[in-house]
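Protein chains: 2
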Amino acid sequence: MKRVYNFSAGPSMMPEPVLQRAAAEMLDYQGSGQSVMEMSHRSKIYEGIIHSAESLLREVMNIPENYKVLFLQGGASSQFAMVPMNLMTKNNKADFVLTGQWATKAYKEAARYGTANVVASSKDKTFSYIPDLNPETFSKDADYFHICMNNTIYGTKYHTLPETGNVPLVADISSCVLSEPIDVSKFALLYAGAQKNMAPAGLTVVIIREDMIGHAMEITPTMFNYKTHADNDSMFNTPPCYSIYMCMLVLDWLKNTIGGLEEMKKINEKKAGILYNFLDNSKLFRGTVVPKDRSLMNIPFVTGNEELDAKFVKEAGERDFVNIKGHRSVGGMRASIYNAMPVEGVEKLVDFMAEFEKKNG
Amino acid sequence: MKRVYNFSAGPSMMPEPVLQRAAAEMLDYQGSGQSVMEMSHRSKIYEGIIHSAESLLREVMNIPENYKVLFLQGGASSQFAMVPMNLMTKNNKADFVLTGQWATKAYKEAARYGTANVVASSKDKTFSYIPDLNPETFSKDADYFHICMNNTIYGTKYHTLPETGNVPLVADISSCVLSEPIDVSKFALLYAGAQKNMAPAGLTVVIIREDMIGHAMEITPTMFNYKTHADNDSMFNTPPCYSIYMCMLVLDWLKNTIGGLEEMKKINEKKAGILYNFLDNSKLFRGTVVPKDRSLMNIPFVTGNEELDAKFVKEAGERDFVNIKGHRSVGGMRASIYNAMPVEGVEKLVDFMAEFEKKNG
Ligand SMILES: Cc1ncc(COP(=O)(O)O)c(C=O)c1O
Ligand SMILES: Cc1ncc(COP(=O)(O)O)c(C=O)c1O
Ligand SMILES: [Mg+2]
Ligand SMILES: [Mg+2]
Ligand SMILES: [Mg+2]
Ligand SMILES: [Mg+2]
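These protein sequence lines map, in sequence, to chains X and S.
44 is the number that the numbering used here gives to position 43 of the first sequence; each next residue is one higher, with no gaps.
214 is the number that the numbering used here gives to position 213 of the second sequence; each next residue is one higher, with no gaps.
Extracted from the complex, chain X is given alone in its bound form (with noise of 0.2 Å):
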């Protein structure tokens, strides 16, 4: 059996231990003579499973008794919608950052449904940035305040927040979500598409403080209204099963074998460091973003030679280190070193760098 170092920006690596225990548990899952794809959601294990997961990642992210946590289906781009239509209700305004095209999109999209206010971007210089913020310019009534903690394509996330005083702060944290600790408690919803950190494709996880549900619009599909899901615990209708499941093995695997997010962020920290400190030493390859607003997810970089840039993604692939490819927007390569990804990986990746910049240097 091969198995290749996956940089893919999502759906991306899982970790093997989590994929040979699935593969294990396929026909037969703990004597039940069953798959879990084959489980009734309605069935005492399949009860199991969910609540399971959902008690992991409450006790992993540390999340407040005064938060739902939501297993959806739609990917965080239906976020984009269902946050303005359950939270833009009482001044039908809301504040955005624009730090890339994740962010962009959950403001145009609100922007269909209220009064969407850009306080910042950093479009400016192709997003490679985190704005500076200044409270100041923030709509006092907003709804709420929206931000993409972690830009996937660009390699920027925030090191320190927004204050929005009294508004409340909402934040897509897809690509950067288990990754590191988080205080949850400073933001009314967080959401995360699974497919980086937690889980296969198909399962979006919301956050949500509890008086934030309760006041969609009239015009909420009954489906994008937060208080179906939070009031029928995620089983209003039939739930992405399988990836919850598998989101219960990585949380299972992060609790007792990687020991938490403190030490995930240790580690996180290693592979990171040893490719910012790789880029930062190259003569050949460069970071794209501004150190201070670096990722410890995304690590975008490049030759600053298009034809080299290509044949380095070329020959990478050739070694199996695949989808190293950078987003089309900003070119070059990026490295997308999830949880999953083993320090060993990112070694190698750099080992490699090594050795053609000493070809082609």
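In case anyone wonders, no lab produced these hints; they're calculated from the structure.
Values in this document were obtained by computation on a predicted structure and should not be read as measured data.
Each hint should be verified, as a subset may be incorrect.
Computed Cβ-Cβ distance ranges for the label pairs, DEER-style [what the hints assert, rightly or not]: (1) X:Gly215 to S:Asn67: 40 to 50 Å; (2) X:Ser186 to S:Lys187: 35 to 45 Å; (3) X:His52 to S:Arg329: 15 to 25 Å; (4) X:Asn92 to S:Arg22: 46 to 56 Å; (5) S:Glu219 to X:Asp352: 22 to 32 Å; (6) S:Asp232 to X:Lys141: 33 to 43 Å; (7) X:Gly166 to S:Asn93: 17 to 27 Å; (8) X:His52 to S:Ser330: 20 to 30 Å; (9) X:His52 to S:Glu219: 52 to 62 Å; (10) X:Lys187 to S:His160: 55 to 65 Å; (11) X:Asp321 to S:Glu48: 54 to 64 Å; (12) X:Lys91 to S:Gly274: 36 to 46 Å; (13) S:Asp125 to X:Asp232: 57 to 67 Å.
Heads up, the beta-carbon is just placed ideally off N, CA and C, and yes, glycines get one too.
Starting from the structure of chain X, add chain S with the ligands where the hints point.
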């Protein structure tokens, strides 16, 4: 390894060879060094999977060229809003037949977005039949006419389609999709939650005639607009990649092991025949549905004595016939015998029922 006979209404049994292949490919799909769960949805290798799933579905269901196949998320429940938001846009009116809980939910959600007419209902007799339909009672100016083709909870099925003339016919085929051939050209839109006959939960398949696309209401979330997904070959955002892969494996099994939908129908008729025949001859058990409207997939039955029903369900469970309890709104038992239920499973169930009847009849 133990395997039970699982009569769940969905999620439900998967073909065993499909599960075996999924387990075998879990860590390395065809020498790629990746699990399908780990693949970038934009990668060549994953594109091969989603294209193959679509072309197999087109072939097996004989879907005409002028229909799009969409692989979505959100369950059939999301279609209850998506259909009116996209289709109820000329005269803001649609017709509904109430044949069960799902048909009624589709109607109630549509009524939030326009004029929803009930043309007939079988609620008077616990939805145990499909009402006779008189085309003269249909709205001539309806934007569509909605039916639930197979009623999962009550065990009824349309054996003839309503004559809607120029009014587009829309059907929820969640619990009968792929069970027998269907003339797609009679419908403007078909939708199905995949978790019965297609794939694990988390995938919703929509088959839509092209002229139905592009007329959504202004308020429609981008992710609820069929055009979004049709224009992007179901890749506007991250699709439920693994469920689509499982769907491909199921379709491959259906085409190459079973031999297509005509063959599948014969097997399903055989299975249902064994059970209906037993019920019709039993002095203890009886089916709850009017014979002419019986479903091939979901077969509810009762003894007429609640205590005896409960005893049967309990003893069946001990013999590894699981999830055979009826829906609370009907009571008694329900055997859902989807494509993956082997003939042997039904034969053994009937043997057990005969044994139970001898002891308790
Ligand atoms: C930060 C962020 N938000 C949103 C999305 C969109 O997620 P989905 O494809 O699940 O809709 C992505 C996808 O990569 C992302 O990285
Ligand atoms: C006929 C029918 N329609 C709709 C649904 C709801 O599907 P979902 O749970 O995918 O939303 C079901 C679920 O069993 C069903 O049987
Ligand atoms: Mg981005
Ligand atoms: Mg450098
Ligand atoms: Mg029903
Ligand atoms: Mg009888």
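Verification of the hints:
Restraint check, Gly215 of chain X to Asn67 of chain S: a C-beta distance of roughly 43 Å satisfies the suggested window 40 to 50 Å. In this structure, Ser186 of chain X and Lys187 of chain S break the distance hint of 35 to 45 Å, their C-beta atoms being roughly 55 Å apart. At roughly 21 Å, the beta carbons of His52 of chain X and Arg329 of chain S sit within the given window of 15 to 25 Å. Checking the proposed 46 to 56 Å range against Asn92 of chain X and Arg22 of chain S shows it holds: the Cβ atoms sit about 54 Å from each other.
At about 55 Å, the beta-carbon gap between Glu219 of chain S and Asp352 of chain X misses the expected band of 22 to 32 Å. Judged by the Cβ atoms, the range 33 to 43 Å given for Asp232 of chain S and Lys141 of chain X holds: they are separated by roughly 39 Å. Take Gly166 of chain X and Asn93 of chain S: their Cβ atoms lie about 43 Å apart, and the range 17 to 27 Å is violated. Restraint check, His52 of chain X to Ser330 of chain S: a C-beta distance of roughly 25 Å satisfies the suggested window 20 to 30 Å.
About 40 Å separates the C-beta atoms of His52 of chain X and Glu219 of chain S, a value inconsistent with the hinted range of 52 to 62 Å. Hint check: Lys187 of chain X to His160 of chain S, Cβ distance near 58 Å, so the stated range 55 to 65 Å holds. The supplied range of 54 to 64 Å is broken by Asp321 of chain X and Glu48 of chain S, whose beta-carbon atoms lie about 20 Å from each other. A hinted range of 36 to 46 Å is violated for the C-beta pair Lys91 of chain X and Gly274 of chain S, which are about 60 Å apart.
Between Asp125 of chain S and Asp232 of chain X the CB atoms are about 30 Å apart, so this pair departs from the stated range of 57 to 67 Å.
Consistency with the previously given hints fails for numbers 2, 5, 7, 9, 11, 12 and 13, ordered from lowest to highest.
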